[in-house]
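Participant: The listed protein sequences derive, respectively, from chains U, V and F.
Numbered by numbering that gives the first Met the number 0, the letters in the first sequence go through residues 0 to 600 in order.
Numbered by numbering that gives the first Met the number 0, the letters in the second sequence go through residues 0 to 306 in order.
Numbered by numbering that gives the first Met the number 0, the letters in the third sequence go through residues 0 to 396 in order.
Hints listed in this document are in silico derivations from the structure and should not be mistaken for laboratory results.
Please note: incorrect hints may appear among the correct ones.
To be verified - Computed list of lysine-lysine pairs in PhoX-like fashion (alpha-carbon distance at most 25 Å, straight line):
hint: 1; chain 1: F; residue 1: K165; chain 2: F; residue 2: K195
hint: 2; chain 1: U; residue 1: K145; chain 2: F; residue 2: K335
hint: 3; chain 1: F; residue 1: K48; chain 2: F; residue 2: K352
hint: 4; chain 1: U; residue 1: K145; chain 2: F; residue 2: K95
hint: 5; chain 1: V; residue 1: K143; chain 2: F; residue 2: K247
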Amino acid sequence: MTLRFLTPLAFAALAIFLIALPFTAENEYSLRLFMLFAIYAIVALGLNVLVGLAGLISLGQAGLFALGAYTGAILAVRLGWDFIFAAMAGTVVAGAFGALLAYPTVRVRGVYLAVITIAFGLIVENVIIEWDHLTGGTTGISSIPKPALFGWPLDGFRYYAVLAALLFLVVVITHNIKQSRYGRAMLAVSQSETAARGVGLNATGVRTMAFVIAASTAGLAGVLYAYLNLYISPDSFTFNDSIRFLLMVVLGGAGTTAGALIGALILTYLPEYLQQLQYWQQFAYGLLLALVMFVLPQGIFGTLSHLAARFFKRGSASPLVADSEIEKVMKDAKTGWAPASFSAEGLTIRFGGLTALNKASMQVAPGEIHALIGPNGAGKSTMVNIITGFYRPNEGAVTLDGVNMAGSPPHTVARSGVARTFQNTELFGDLTVLENVMVGFQKRLSYGLFAAAFRTGSFHKEEAECRHAAEALLTFVGLTDFANEQARFLPFGMQRRLEIARALATAPRLLLLDEPAAGLTTQEIDELDRMIRRTAALGISVLLIEHHVDLIMSVADRVTVLDYGVVIASDKPGIIQNDPRVIEAYFGVAPAAQAAAEGRS
Amino acid sequence: MPVHTANGAGVRMADQMQSIIQYILSGLAIGGCYALVALGFHIMWSTAKAVNFAHGDTLMLGAVLTIMALDQGATLPLAILGAIAASCVFGVLLERFAVRPFAKTTSSIGWMLTTIAIGIMLQALVTMEFGGFSRALPSPGVEKAISVMGAGVYPQELIIPVVALLAMLGLGWMQRHTLIGRAMQAVSFDRNAASLMGINVNWMFGFSFGLAAALGGAAGILIGPITQVSASMGLTLGLKGFAVAIIGGITSAPGVVIAGLGFGIVEKFVEGYISTAAREIVGFGLTILVLLVFPQGLFGKREVFKV
Amino acid sequence: MTLAKWSASLLAAGALVVMAAPAQAEQQPCIGNSGPLTGPAAFGGAAVKYGAEVAIDEINEAGGVLGKKLRLIQYDDAGAPPRGVDNVRRIALSDKCIAVFGGYHSTVGLAQVGPVNEIGIPWIGTTGAGTKITENGASPNYMFRVSAKDKWVAQFLAGEALKVSKAGKVAIMYENTGWGNGALPDFKAAMEAKGKTVAAVETFNWNDQDMSAQAIRIRDSGADTVVTFALDREGNQIVRSFDKIGYKPTIIGAWGIAGNLGDLAGPLANGVRVMQTFTWMGDMNPRTKAVWEKIQKKFKLKDPSELKMGSATANSYDAVYILAKAIEKAGSYDWKKVHDALYTVKYDGLVAKYDPAFDASNPERQDAILPQYYKLTVWSDGKLLPIEQTAYGKVGK
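Can you make the complete structure from the sequences, with help from the hints?
Facilitator: Written out as structure tokens, the structure reads:
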């Protein structure tokens, strides 16, 4: 997290560096190394988005790099395509494969995904070797025509200029995407996929975008590489190269733009210095890799910015926002927000032989505070998960304002106006408190990728709105003093409040609170009480799953009781409290026996 | 059936039969190797939820150390035992210094890259020691080929899948009938609970990596005489062994062994009837396909997360 | 702010466009050798080093070339073409050496043709025999070679194979690389020139461990002789695969199996014939002996059998002398002048009598060693001996 004015300064410094670099070239070979650096940096910047933001490990970038290189080379050599069109084609082809690679992330993560990317890289390498009619097989493609821009030859310094300009463009675009709603979405999905889906983010869509960005940059870099060397063969696109690309990102500092550049710079020049060591060069390379992981796990730039953050502590507070503003934020007028009625009808779900819910039904009127209670194992969380789309019921319907959402995925349900908090707090731990709420607001943002990449007017306007809304909600829950702290450092009670703020940021019509009082002190519970009332007063329905009897009695308009998956009562709290079936469910004995046992009449 | 001879002569049924038997036997041999490697991954992953990404290099280590011991004048059995013991120690040290510091973080990049780094360093050292050449590892099992139903095979090749099966059975026996085996299982189910029961979880991590490395070293010694021993012999074997473990279901020992043997046979058939590059494409393509349909592998258990 | 950033960088990029290329200068008295120090043919790099460095020592002791002392700079290409290409650029543009020595792998040599001719630096191959390395259609052609040429190697192997084959059926096993793929058409043409077709054509990839599929097909074709274009590592697997299926052809190979096949395959290697341009084994003439003694002393070797791929050592020894003479004749360390001078060098070398070494009027004569100098050696108990000095030499039609 750098201070605001540092970023334009850094861009200017980069531009100056890129311009000055070729003047220091003693000979063509040095210039070549600069160009190679630019190409690798482009790969690293894209991979940085995938690894650093979306948290997905790819050890198959060499395959995407190869796809770009071969597409460009084949089009140039066999079809005589011009440099610029070959470059675009290479980028698109690689990007398409990136989208394909994203598909497995629906099912697998972590190491398993890494294996898929490794397999992908090896498949590409072997297809290139096997399909020798198209690719020249092990001999490769030589005599690639020199790059030219519409007939104007691009040699030496001119090609460097093109590469430097493209590098600068990619730096700007990836950096801006990182600081936009897309970057935040990727970070959110990687830190807590459950919560991200709960606020309306389509996790698969976000991951696919990350993959496409990483793949397109690798593909573009591949074409540029082919035009630089004028010769390509499968030996340039091996698993070791995939490792090297990943190392660039990690060495520099995953998630940081400067880190990707630093990593690429070091790893382009390192082999040159190591060449002198001959046999020892591989050893030194491995040693460097190991040292980086041990000493600088956050990479060079990552560590530096951490230290800097320690020294230059920013003010933590965000401004307080007036109540009228808060109301406007929570009742999003633009989308025609209005209180909604909610009902669950005949919900049944079975897990194996266990029927967790059996024809459970309940209604929540607009603006009502409705409590859902029951002994442990009654099916309360199951019901919540069905309502919010995390489970699909075997039978039954879930309707909000008459629209049935049963079976829809969580992000769709969230976008229809249902928000929730989680029993086990699911925060975006590495994001700040303010950013957590901003992520919640994101479903209401509409600026596109181009606007994010180039910081157009609509980007600035909507981001300001988003920030203002987040500040408003932090005021509502009383967390303004901690706006710039990282969410995982918050004390437990405040984390709970943050979840509520984040949920409210989506402008829900129904707010689901899953055991919000668990672990809170009495004072915190009183505050929670007030928050719930204020929320309902605005017309937002609240469905509260709770064990805390006092809170329920105080705040709920109606109470529904579940026991063994069946709704056994649904009425005002006072009536429920004395309902014999409810007492039996909780205490296991009939009320008369209970009274006798306690010695009361 | 494809005909490859230049003079167009047809290939007789008996010869086709011989080819098929040949592929099956060779496939079982290489598959047995994959199975041994995959067993190692299974042991490491189920205990520590982390693996030595350069596990293939333990194969190389076992074979290389045996050769170096032989060069110094040791007898073959002594050299083999020494090499396996040294591989085991390597595994324990690797876990302690390269994996454990990173096993706590949720991201796997840490131990992935660190173990890869160690692998690179190891290969570099061996390259320097051998001067970049391959070396032969002598063994009585490769002195004479035997004929099985018309197909030629070295006895050594037949031993490998048998060893893999024995290792799998031995592992199962150990897990059921020995204290340390049960402790390993406890740690793999829930390491916090296991530690509360008095099991030293860190020791178990070390033990599992050491056991896996010893298995790897033994695999390398078994396969060394058949191929040759070089610094890079472990790379592809390790990668494919990992793919096999994932396909079979890294949580299931019988699963990975079956997957390994099957993978080896499929590879040989593809290689025989199409080409070697096709073998890699089909092999890794299968890996992706299986993972898409069975995210936990063919025989693995689904990991359920509570929301 | 954004607009300012954009304009600044666009202007800057525009300024870069009008740059001139750096001027030429005289080159350094160094020879850059791009060869495999690691990988399956690591001894190939060492072999060139032995011959070249001893030749350089001799020349430097006699006063150097044009008063300057030569030196050899060694770069590893690990058999990977991209690295070989990078090495060429580094040697020419960064080290500014007067020449590049090519290495063991033909595939690398083939990849180096483009940059070598583009830069215009003399390249002298010492091992890799791929035909299209020197017969590459360029003019002027900067790729020279003091080594074998696969077109001629194929003819030599075809001739030797047919001499030894009783059934007249010869098969080929070649590696799926630039080298093998390039040699295949040469071999087919050589066989056709003798009125024969190849009985079976089989290929394999680097690192393959089991060639039983190919072995079965070759056996079934009726071939009793197999010509190979393979390296020791795969050669070992080839002979083992043949052994496993009980097939015992005579194997005659190009010099990829002149390294340590004897160590790897043990007794199975006995009788495997290998083509060479030179052999250090057996009886040495006085001149060869003198050079051997210098190599032995400088690199602390004990026995000539430690010179794996001995042809490369002799080739590079001769190549250094030929280059040195060319530089003298050119009168300066200038790439173009040395290139032109190479065509005028006459030299009586270890391997052959070069009269002249190269001939500009004949595209086939970018190669210095003519096929009459090719020899046949055979693996016998772990040593690669000249065939006449073994029992195998007495066999034949």
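Participant: Against this structure, judge whether each hint is valid.
Facilitator: So, going through the hints one by one against the coordinates:
1. K165/F - K195/F: Cα-Cα ~14 Å, so holds.
2. K145/U - K335/F: Within the cut-off at roughly 23 Å; holds.
3. K48/F - K352/F: With Cα atoms ~22 Å apart, K48/F and K352/F stay inside 25 Å; holds.
4. K145/U - K95/F: At roughly 24 Å apart (the allowed maximum being 25 Å), K95/F and K145/U satisfy the hint.
5. K143/V - K247/F: holds, 14 Å
The structure shown violates none of the earlier numbered hints.
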